[in-house]
Amino acid sequence: MVDPATASRLQFAVTTVVHIIFPVMSMGLAPFLVYFTWKEIRTGEELYERLRRFWTKIFAVSFAVGTVTGLVLEFEFGTNFAAFSAAAGELFGGPLAVEGMMAFFLEATFLGVFVFGRERVSDRLYFVSSVMVGLGTWLSAVWILVANSWMQTPRGFEVARESGQLTILLTDPIAAYANPRFPWMFVHMQNAAVLSVALFMAGIAAYHVYRRRHLGVVDEGNLDGEFWRATLKIALVVLIVTAPLQVLHGDAYGRHVAETQPQKFAAMEAVWETDSYVPEYIIAFPTSVDDLLNPRAKDIFGIGIPGGASWLASGGNPQAEITGLNEFEGSPPVAIVFWSFRAMVAMGFWFMLLAFWAGYRWWTGDLYEDRLLHKALMASSVLGIVGVELGWIVTEVGRQPWVIQGVMKTTEGVSPGLTAAEATLTLAGFVGGYLVLLSLYTYVIGRLIRRGPAPREEAADRDAPSPASAGAGEDD
Amino acid sequence: MTEAIAPSATGLASLETGVPLETVWFGVPLGDLWFVVVFAFLAIFLFLDGWDFGVGAIFALRDDHHEREQCLAAIGPFWDGNEVWLVVFGGSLFAAFPAVYAALFSRHYLLLFGVLAALILRGMAPEFYEQRETEGWQTWWGRAFVVGSVGAPFLLGIFTANWLLGVDGIAAASVVAGLALVALNVASGAAFLRLKTTGPLADEMPDYGIRAAAAYLALVVVLLGLLALRPAVRDALVAPGPVALVVGSVALGVGFVVAARRDRPYVALGTAGGMTGAFVALVAVLLYPTVEPLTGLTVEEAIIGAPAVELLTVGAALLIPLVLTYFAVLYSAFSGPIDVEESY
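Each protein sequence line maps, in turn, to chains A and B.
According to this note's numbering, the first sequence is numbered sequentially starting from 1.
According to this note's numbering, the second sequence is numbered sequentially starting from 1.
Mixed in with the good hints there might be a few duds.
[Claimed, not checked] Far from chain A, some chain B residues (derived; all Cβ distances over 10 Å):
hint, residue
1, W25
2, A40
3, G169
4, L179
5, I210
6, V222
7, A232
8, G255
9, V257
10, G273
11, E300
12, L319
13, E342
[Stated by the list, open to error] Some chain B residues judged to face chain A by a derived CB distance under 10 Å, without partners named:
hint, residue
14, G90
15, L121
16, R122
17, V147
18, V309
Bear in mind the hints are in silico, worked out from the structure with no lab data behind them.
Please read all numbers here as calculations on a predicted model, not as lab measurements.
Just so you know, even glycine gets a beta-carbon here, dropped at the ideal spot from N, CA and C.
Next comes chain A alone, as it looks inside the complex:
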C-alpha cells in the first residue's frame, strides 16, 4: 500500500505526463491544419487535400485520447486533492469552468464539423471550422495556464483560516488572473507545441523520403514522394522559425523563475549554499555512478561557464547572488529538477542546430540527399514532446513542496478521507491503463504513418457524392 498523499501525487504525475502529449499534438497540429485547409480551398490542389486528410486523422485520434485523459485530470482535483479544491476553488475553479465553456466547446463542436463535414458544409464554413478548432486548442491552453500560473506566482487573494482549515478568497481578479507568470508560460508552451509537431512531422517525412530515396521504394505516380517532400519542407520552415525562439524566450522565462520562485531556480541549478558567481554547468556528471541522483555529490565532473547561472538568473550579471536551497523550508527532489532542466536545455540547442543544418542543406540544394540529416530528423521526431515533458517536470516538481507557492503545501491539499487502499488501487489502475492507452495510441499512429496518405483512388471515391448523403434531408 502506498500512502494516500504519495499515491495521489504519483497518480496525478502519471495522468499529467500522459495527458500532455495529446494537447501538444492538437495545439501544434492546429496551425498546420488551418494552413492546409486554406491552401486546399484556395488552390484546389490535391496535395493540400491529402495533407489535410492525413494530418486530420492524426489530430482526431490525438484529440479523442486527449479528451478522456483531460477529463480524468479535472476529476482528480476533486477525488484526490479535495482539500486543495475546497480551499482554492474560488480562484482555481473559475478558470477551469471558463476553459470548458470558452475553449473546449469550441474545439469539440467544430472538430465534428471539421472531421466529418467536408462534403456537408461550404468551403467557407469548413475553413472557419479549422480556425475555430485551432482557436479552441489555443484558448484551452490559455485558461489552463491562467490557473497554473496563479499556483506558481499567486496574487490577488486573501487567506482565511478557521480552526486550521484554509480558505483562499479572491480579492483582486486582475492581479490573480493577469498573472506575471502567464505570458512566459504561454509563449514557451505554445511555441513548444508547434515546435514539437514540426519535429514530429519532419521526422516522419524524413523517414519516408529516406526510404524512397535511399532504400529504393517505388513511387507510384510519384505522388507519395511529392507528399512527403512537401511535408518535410513545410515542417522545416516551421522548425527553423520556432527552434531559436524557444531558446530565446526560455532564457527570459528562466530569469522570471529566478526572480519569483528562487527556490525552484536553486533546484534547477542545484545550488545549496547561497553564493555569487555561480557557474552554469553545461556538462555535469558525478564521477561515481552511485551519486547520479544525488545532487549534493561533491565529486562532479563538470564543464561550467564561470558565473553562468548567476548571469542567467540576473540577466547579465555574472556576480549576482543566488539564494541556496538551504535557506528555504523544505525542498523539491533536486536531482529530478536538475537533470530534467539540463536535458531540456540540451534538447533546445539540439533542435536549433538541427534547424540550421536542415536549412543549410535546403539552401545548398541537397535536402533530399543528406542521409545523416534524415536519420537525425527521424531520431528526433518525438524529442520535442520529450522536451515538453521535461519542461513540465521542471515547472511542477520544481515548485514542490508547494501546491500553491508559499501558501499551501501539496501534502495539505490531499483529500483528508482518502484511504491508502483506494489510492493504491487507482494508482495501479492508472499506471496499467495508461500504459495500455499509450501503446495503443503509438500503435495506431505508427500504423497511420507507415501507410501514409490514402491512395488516390480511395480519396477520389470519397469525394464522389454518395447517394445516401445526397438524399439526406428532413424525414420527420
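Assemble chain B onto chain A, guided by the hints.
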C-alpha cells in the same frame, strides 16, 4: 468510506472581510442561480451524451457489421461536443461550490474512477474501431464501446442518486437509479438513431424506444418505492414540486410511446429530453436549499465569495449563448441521416 470536508469557512471569512454573504443580482441570489446552472449542465449532459450512450447500448443488440458502422457514424460528429457538458458540469460545480465538489468527488472516489474508465473506453473505441478492418480488432473495440456506453450512465445514475441521498457506499435506490438512467438513454438513443440512420436499423428503432421507455417508467416506480422507505426523502417527495415532476415524467413517458408509435422521432427525442430534465430536476428540488446532504452546506453557505461569483456569472452569461450557437452549427450541418462513409 471517506470523511466529509466541511470548510464552511467561506461564509465565515466573508463576514470577516465585510463582504455580504449573499450576492443578489436583479433579485436573484447568485448562489441559487448557480445551483440551477450546475444542475442544468448535468441535465443537458445526461440528455445529449445520453443518446450517445444509448446508441452504444443498441450497438450491442445489433449483429450486422453495416448496422454497427451506422451506429458509430451516427454519433461520430456529435459525441465529443456532447461530452464537454460533463466537463462544464464538473468545472462549474468546482468553480461555484468548491467545498461541495471536493466533498462529493472525494467521497465517491472509486465510483468516479469507474465513470472515468467507462468514458475512456467509450471515447476511444469509435476512433480506434475504424483504424483496422480485421474482425478481432473490431470485436474488441466494439465490446469496449458497449461496456463504456452502458457503464457510464449506470455509474453516473448511482452517483446522482447517492448525491441526493447523502450515501457513501451504494444504496439499492442508487442502483435502480443507475438502471433507470441506462433505460432512459436507450430510449433517447433509439429516437436519435431513427433520425440519423436509414434501412432496417432505423425501422426497428421505434420498437426499441417504446420498450426502453416502458422499462424506464417501471424502474422509476421501483425507485420511488425505495425512496419512500426513507422518511426524510418521503416527506420531501410529498410536495407540489416533486409530485409535479413525477407526474410530468409519466406524462412525457406516455408521450414518448405515442410519438414512437406514430413515428415522430423529433417528438420522441423531445419527450426523452423532458424526462431527463425531470429526473435531474427532481434531484435538485429534493436537495434545495442544501447542496449536499452530508456536508449539510446550503446554497448560501457553499457559494463562493462576491467578486469570484460575479466574475463567473458574467463569463457564463457571455459564453453560453456562443456555445449554443456552436451546437446549432454542428447539428444543422449534420441534419438528416449520416452516411457511414462520411469523414475527413
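Now for the hints, and whether the structure bears them out:
1. With a least CB separation of 17 Å from chain A, W25(B) remains clear of the 10 Å interface cut-off, as annotated.
2. The beta carbon of A40(B) sits about 13 Å from the closest Cβ of chain A, which is more than 10 Å, so the claim that it is off the interface holds.
3. Residue placement check: G169(B) keeps its beta carbon more than 10 Å from all beta carbons of chain A (closest about 13 Å).
4. Annotated as non-interface, L179(B) keeps its C-beta farther than 10 Å from every C-beta of chain A; the closest such distance is 23 Å.
5. Even its closest Cβ contact with chain A, about 17 Å, leaves I210(B) beyond 10 Å, as expected for a residue assigned away from the interface.
6. With a least CB separation of 30 Å from chain A, V222(B) remains clear of the 10 Å interface cut-off, as annotated.
7. At roughly 23 Å, the least C-beta separation between A232(B) and chain A is larger than 10 Å, which holds for a residue marked as non-interface.
8. A cut-off of 10 Å between C-beta atoms confirms that G255(B) is not in contact with chain A; the least separation is 15 Å.
9. Once the 10 Å rule is applied to beta carbons, V257(B) is consistent with being away from chain A; the minimum gap is 17 Å.
10. Remark: the non-interface label on G273(B) is consistent with the geometry, its nearest Cβ contact in chain A lying 15 Å away (cut-off 10 Å).
11. Every beta carbon of chain A lies more than 10 Å from that of E300(B), the smallest distance being close to 15 Å; the non-interface claim holds.
12. A beta-carbon of chain A is positioned within 10 Å of the beta-carbon of L319(B); the least distance is around 4 Å.
13. With a least beta-carbon separation of about 5 Å from chain A, E342(B) fails to lie farther than 10 Å from that chain, contradicting its non-interface assignment.
14. Checking G90(B) against chain A by beta carbon gives a least distance of about 5 Å; that is within 10 Å, so the hint holds.
15. A least Cβ separation of about 9 Å between L121(B) and chain A falls short of the 10 Å threshold, and the interface hint therefore holds.
16. Interface restraint check for R122(B): the shortest CB-CB distance to chain A comes to about 8 Å, inside 10 Å, so the restraint holds.
17. The beta carbon of V147(B) comes no nearer than 14 Å to any beta carbon in chain A, farther than 10 Å, and the hint placing it at the interface is violated.
18. With its C-beta approaching chain A no nearer than about 8 Å, V309(B) sits inside the 10 Å limit, and its interface hint holds.
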